[in-house]
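Asker: The primary structure of each chain is shown beneath.
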Amino acid sequence: MAFVPFWYILIAILWTGFFVLEGFDMGVGMLNRVIGRDETGTRTVVSTIGPLWDGNEVWLIVAGAATFAAFPDWYATWFSGLYLALVLLLAALIVRGVSFEYRTKRDSRRWRSTWSWLLAIGSLLAPLLIGIALGDLLHGLPIGADHEYTGSFWDLLTPYGIFVGLTLVAICLLHGAIFIGMKTTGDVRFRADRFARRIAPVTAAFVLAFIGWTHVTAGRGGFLSPVELLAALAILAAWALAGDRREGWAFTATTVTIALCIISLFVDLYPVVMVSSTNRAYSLTAHNSASPPYTLKVMTVVALIFLPVVLLYQGWTYYVFRRRLTDDTYGPAAATTPRPAVSAAIAMASGRGAGQAGESGQARAGGRAEGHGPAGAEGTPPESRPGSQHPLVTESRERWRALLSGVGRGPKRGRHQ
Amino acid sequence: MRTDLARWQFAFTSINHFLFIPVTIGLAFLTAVLQTVWHRRQNPDYLRLTRFFGTLLVINVAIGVVTGLVQEFEFGMNWSSYSRLVGNIFGAPLAMEGLAAFFLESTFLGLWLFGWDKLPRRVHLATIWLVALGSVLSAAFIMSANSWMQHPVGYVMVRGRPQLTDIWALFTNPVFVWGYTKVILASLVTGAAVMLAVSAWQLRRGREAALFSRSARLALIVLLPTILLTMLVGDELGVIEAKYQPMKIAAAEAQWTTCQPCSFSLFQIGGGNDDHTPTQILEIPHLLSLLATNHWNGKVIGMTPLQAQYAAKFGPGDYTPNVFIQYWGMRVMAYLAVIVFLVALWGLWLARRRTLMSSRTFLWVATWAAILPFLMNTAGWLLTESGRQPWIVQGIMLTRNGLSPSVSTTELWISVIGFVLIYGTLGTVDLLLMLRYARRDAEAAPAGAETGEPVPAMHY
Chain X
8 MAFVPFWYIL IAILWTGFFV LEGFDMGVGM LNRVIGRDET GTRTVVSTIG PLWDGNEVWL
68 IVAGAATFAA FPDWYATWFS GLYLALVLLL AALIVRGVSF EYRTKRDSRR WRSTWSWLLA
128 IGSLLAPLLI GIALGDLLHG LPIGADHEYT GSFWDLLTPY GIFVGLTLVA ICLLHGAIFI
188 GMKTTGDVRF RADRFARRIA PVTAAFVLAF IGWTHVTAGR GGFLSPVELL AALAILAAWA
248 LAGDRREGWA FTATTVTIAL CIISLFVDLY PVVMVSSTNR AYSLTAHNSA SPPYTLKVMT
308 VVALIFLPVV LLYQGWTYYV FRRRLTDDTY GPAAATTPRP AVSAAIAMAS GRGAGQAGES
368 GQARAGGRAE GHGPAGAEGT PPESRPGSQH PLVTESRERW RALLSGVGRG PKRGRHQ
Chain H
78 MRTDLARWQF AFTSINHFLF IPVTIGLAFL TAVLQTVWHR RQNPDYLRLT RFFGTLLVIN
138 VAIGVVTGLV QEFEFGMNWS SYSRLVGNIF GAPLAMEGLA AFFLESTFLG LWLFGWDKLP
198 RRVHLATIWL VALGSVLSAA FIMSANSWMQ HPVGYVMVRG RPQLTDIWAL FTNPVFVWGY
258 TKVILASLVT GAAVMLAVSA WQLRRGREAA LFSRSARLAL IVLLPTILLT MLVGDELGVI
318 EAKYQPMKIA AAEAQWTTCQ PCSFSLFQIG GGNDDHTPTQ ILEIPHLLSL LATNHWNGKV
378 IGMTPLQAQY AAKFGPGDYT PNVFIQYWGM RVMAYLAVIV FLVALWGLWL ARRRTLMSSR
438 TFLWVATWAA ILPFLMNTAG WLLTESGRQP WIVQGIMLTR NGLSPSVSTT ELWISVIGFV
498 LIYGTLGTVD LLLMLRYARR DAEAAPAGAE TGEPVPAMHY
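Chains X and H, in that order, are what the protein sequence lines are. Just so we're aligned: 303 in the working numbering is position 296 of the first sequence, and the numbers increase by one with no gaps anywhere. Just so we're aligned: 296 in the working numbering is position 219 of the second sequence, and the numbers increase by one with no gaps anywhere.
Hints listed in this document are in silico derivations from the structure and should not be mistaken for laboratory results. The structure displayed is predicted, hence computed values, not measured ones. Quick reminder that beta carbons are idealized off the backbone N, C-alpha and C, glycines included.
Footprint (simulated), chain H over chain X, 3 or more residues, beta carbon under 8 Å: (1) 68-82; (2) 92-105; (3) 151-159; (4) 293-307; (5) 318-327.
Footprint (simulated), chain X over chain H, 3 or more residues, beta carbon under 8 Å: (6) 149-158; (7) 187-197; (8) 236-249; (9) 481-492; (10) 498-510.
From the structure, some residues in chain X lie toward chain H, with a derived Cβ separation under 7 Å: (11) 53; (12) 54; (13) 57; (14) 58; (15) 59; (16) 61; (17) 62; (18) 65; (19) 86; (20) 87; (21) 108; (22) 111; (23) 112; (24) 313.
Isolated chain X, as found in the complex (with noise of 0.2 Å):
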């Protein structure tokens, strides 16, 4: 049997499926305050991928291990050669990784605001910083015959590398933005359908620039493959749907895109699996650096009994948690995990006030908080009003008014609120 290819597949699966998956959580964790604003806001766009981020990391783990079992040369170049750059990958990840739980563990602002940031900063990073690692497979290394890395930490920054690392986030802003669009209502909803149709032609530009610069770097020359063209359809798709109101087509568009994406970095770097970029010779193939059949053969039955479970069970969590969450949930009334009434009535101070910093206006500011305030003051989300503008839309157009003439103002007279 052919196990090298098998996982080789295996493990193009495995970094796919992470990027799919793990692609809207870094988007989250990138925006969690961009779109959430104030704590309420925040709490929701977070618990949009509270019970599915964890699972979604395990791919990443898995793709590790198994490239470490399947081509444990690959494991052990790629990861030994990247070592910097790995160490920030988990100072990344680690920080993200616990800032999840831990941000809402104190009441204090700077605490949260400071978690936020970790949360945004490292899901920043992870995407950059993998991309980079992918990206430099294709590229080319400074490899020597036994293998080994002989280059420095400046040598992994090669360009195309780095625009790999670039078009990951721009892909899982899009990502993460529908997604976020997905799962909540009202204003954040709308704020993040709003970002998905304005980022959605920056990234549409890097994922046509990714899709050329790989077809190119691949060496293959030609017309570009079956894989690329469709992954340049999906993403025009999912520029055609950013910001539409039935969020799950253009998230399907960007997964599509995502997916391909990955898969055709893949396709082309096959049969090699690090391109030296000293001697094509000494680069490492899927053959040169696997492990002997035996070791695939085990690994293949584990795979094929538990990878079909897995999906199965996590493909169910998201069955579970399908519906879109509300204010009602995350407001400032809502408790979270354990905690005493007199700091639930300072939270509630701080959920107002936190939204407010940087607006001008203390009437407008108050009645904005009034307006997304706990369970049952707001029937029916603002843009489903009749006749009215969004508040947003207004308030935006305000702040730029405020920001050009320099001078903070009232709530403008006429039309709203």
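We have chain X; now place chain H onto it with these hints.
Answerer: Relative to chain X, chain H alone:
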């Protein structure tokens, strides 16, 4: 220098990781038990305890998971030559760990935390048991890999590289069978000790006495048999290791010369690698023979003859591990275990007499006793890992040959300092949060605790 730095880093990250993992395994099990009791009896107290200790569990899991990430990466990063040589054997259980255990644990933890109000009660109860199962399974796989390093099995040498020929051998390896059992027992001890300590502190406060005396009793009921079994299993593991890693055991006893029968040295002064004649404070005749061989007049081979044997077999070199670490690691682990055992005995005796809440001395001791399992776990790992030195895989590869050749001293310094800073900070944050949440009032029973209505979800 590079070897030392890489070893320091691995020791530091592993010890840190294993501070949190036993708490995860132990508390996951205990939380599942609490929720099961609530499910059966519909007593709201047990729901409150489930969520109280469940909060501590998830605070701890967060840092347990992220420190685990580092472990997986570290083999490739710092020990690439080792990875190349034995990856086809060592990597397999790691990949299985991810597929069979981590996915299970992580996915169902999310379901448990957020799914209180979304899943039928029986299904929701199953989720926490699956988390516990996942944590226990993951320990199995990593222990099978580590046990292979201690006593390689199931392989043949092909052109200087060990190749796996029998995956089942990894799981029938006696070092694995006893070592894994011990790790699980030690984790239950740790979880129970933490639950006991928190309950004791709350009982000292005097509020919610009825509530926390339940968790105190559960903790004690679990603690006594598990600490006893840990000691017995540990003893058997010592016999196994005396057979397969005689140098490790000889060093743990600072036994330079072969003895038969052998006395067990309770305390000694001096006795590092350069001091072959330390001052013995107390020795118990025949005890070492019993511990190491299960026989009254059993023989323990000394380090000096072993060193000569290994030098003849493997070539010139120093094959003795650090005797100071070995000797004191073993004793710290064993003596503290006895103390934990006595504390558990005392507690259960008080509980039977229903004077648990009023014995302020015991409650104070029980609170502080939480520290002991952490010291024991660390000592145990130092004993087994440092005792294998200078081998990274016993008899097959030396530690210094397992290093990554492409990683410079500078890069090592950066990563060592980086990890020390990150772990130090986050470990402190974790400890502070654990203390904070251990000292809180348990939240009131939500509506639905006694009726069949959905209970609100825990969440971030």
